[in-house]
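Required output: the full structure, derived from the provided sequences and hints.
There are 2 protein chains.
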Amino acid sequence: MPILGKTRKDVIKEFRTAELLEAARRLFAEKGFHSTTVEDIAAAAGVAKGTVYLYYRSKQEVYWAALERGITELENQIQTRLEAEQTPEAKVRAFIAIKIRYFETNRDFFRIYFSELGSGLSHPAQMPAQIEQMYLQQARILEAVLQQGIQGKTIREIRADTAAVAISDLIRGIIVQRLLGWSTKDVESDISFVFDLVWRGVAA
Amino acid sequence: MPILGKTRKDVIKEFRTAELLEAARRLFAEKGFHSTTVEDIAAAAGVAKGTVYLYYRSKQEVYWAALERGITELENQIQTRLEAEQTPEAKVRAFIAIKIRYFETNRDFFRIYFSELGSGLSHPAQMPAQIEQMYLQQARILEAVLQQGIQGKTIREIRADTAAVAISDLIRGIIVQRLLGWSTKDVESDISFVFDLVWRGVAA
DNA sequence: CGGTAAAATGACCGATGGGTCATTTTACTA
DNA sequence: TAGTAAAATGACCCATCGGTCATTTTACCG
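Protein chains in written order, with my numbering: chain H, 1 to 204; chain A, 1 to 204.
Please note that a few of the clues may not be correct.
Heads up, the list lumps identical chains together, so a pair's fine if it works in one copy or across two of them.
Said to hold, decoys possible - Here are the computed lysine-lysine pairs in the DSS-like style, where the Cα-Cα straight-line distance is at most 27 Å:
| # | residue 1 | residue 2 |
| --- | --- | --- |
| 1 | 59 | 31 |
| 2 | 13 | 49 |
| 3 | 185 | 153 |
| 4 | 59 | 153 |
| 5 | 59 | 49 |
| 6 | 59 | 13 |
FYI, nobody ran anything at the bench for these hints, they're computed from the structure. Source: prediction; values computed, not measured.
Right under this line is the structure:
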């Protein structure tokens, strides 16, 4: 008998799901997909292995759910923050800043995010369309901003879709450098560097 | 008794090594590291599983050898081609063109190249220093070119190391787009796009 | 040829770990 | 508190696969 739209089952499910995905995210990031066992995840979440299978049909499903969770959170941050900015220039800068900062404080998540893109490359058919769409979604948000700038003449005539992906690549590159310890600069400095490079490349 | 500097053993080793690594590259690219079995590689190379272990101590070693082989080939192409160009501008363009073209014709190899970088991220300690160095080496070549341009005043004062990595990231991004079928443009068009963006970003 | 050493083979071993399900525990209800 | 259904458990099953090594095949030489 549902109360407030949530049955008892829903509440339990929500709780377990959160526990499991948090543990899964950390472990997958730390040891990679194959080296992480379902037993590991269960233990870290404080449940037995069988319980995992009450909520997810397979290890792979747990992985995708953990990935999806993080992407959604990031996307929400991007959406919210961009709405607060007025000019395309400010929006582009905000986009860069949010992504770099998000992964700076969620380093473990980036490891999943990044390597899934890698394995998606190797096995396109296996990556759920939903996940692929979520990767693309971020670039689309940026693309819309660029398009806006082009119409407003602050950005030169450029292929907005390709440019959006290119900017995303630059951002990803900086994050990788930071994770590998190849970047010694502080976050703000790296954000400025990327923005500077990008803006020179696209400004009218 | 060595003749011409190569013993019988060397010749056999060279032949088997080439066969194995070629098969390994294709399989690892197609199915990923974990889904590829040593049995698979052996079969594809036309030998029995045990034979693989006469030349490599483990599956992981085969993988690294296959990766190293491709990187070396690519690096040689870069070195050779850049020497033929005079100006930093031409060198930067050549660098971009070679990498995109190399991976365009060695799509399978890129899948290994890319995902190893991904797993290296997750498990820094596991990636042999030698492989890490080879990744960095390419950026260093480009960095030297940028440095040269800065001295010659054709490139503005910029952090050459960071810019070099950024350019590499842009290139990688374009290749990923092509592999995923998200880029509909022809190769030359993509090369020009990247170069254009880069040059606007770094030119004096 | 016949002998021998290098090369190759593939059956086999042992460990691992995803997934299952009979049993137990918990939570709720009357 | 007794009864029951949902939730959780973890011992177990079994397919997979990396790596080994006793045996066989090949290549070379006197």
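To see whether the hints hold, each was checked on the structure:
1. 59 - 31: So residue 59 and residue 31 pass the 27 Å test inside a copy (14 Å) and across (18 Å) alike.
2. 13 - 49: For residue 13 and residue 49, only the intra-copy Cα distance (16 Å) is at most 27 Å; the inter-copy one is 47 Å.
3. 185 - 153: Between copies only: 25 Å across, 33 Å inside.
4. 59 - 153: Neither: 49 Å inside a copy, 55 Å across copies.
5. 59 - 49: within (11 Å within a copy, 30 Å between copies)
6. 59 - 13: Classified as within: same-chain Cα gap 17 Å, cross-chain 41 Å, threshold 27 Å.
The earlier numbered hint that this structure contradicts is number 4, and it is the only one.
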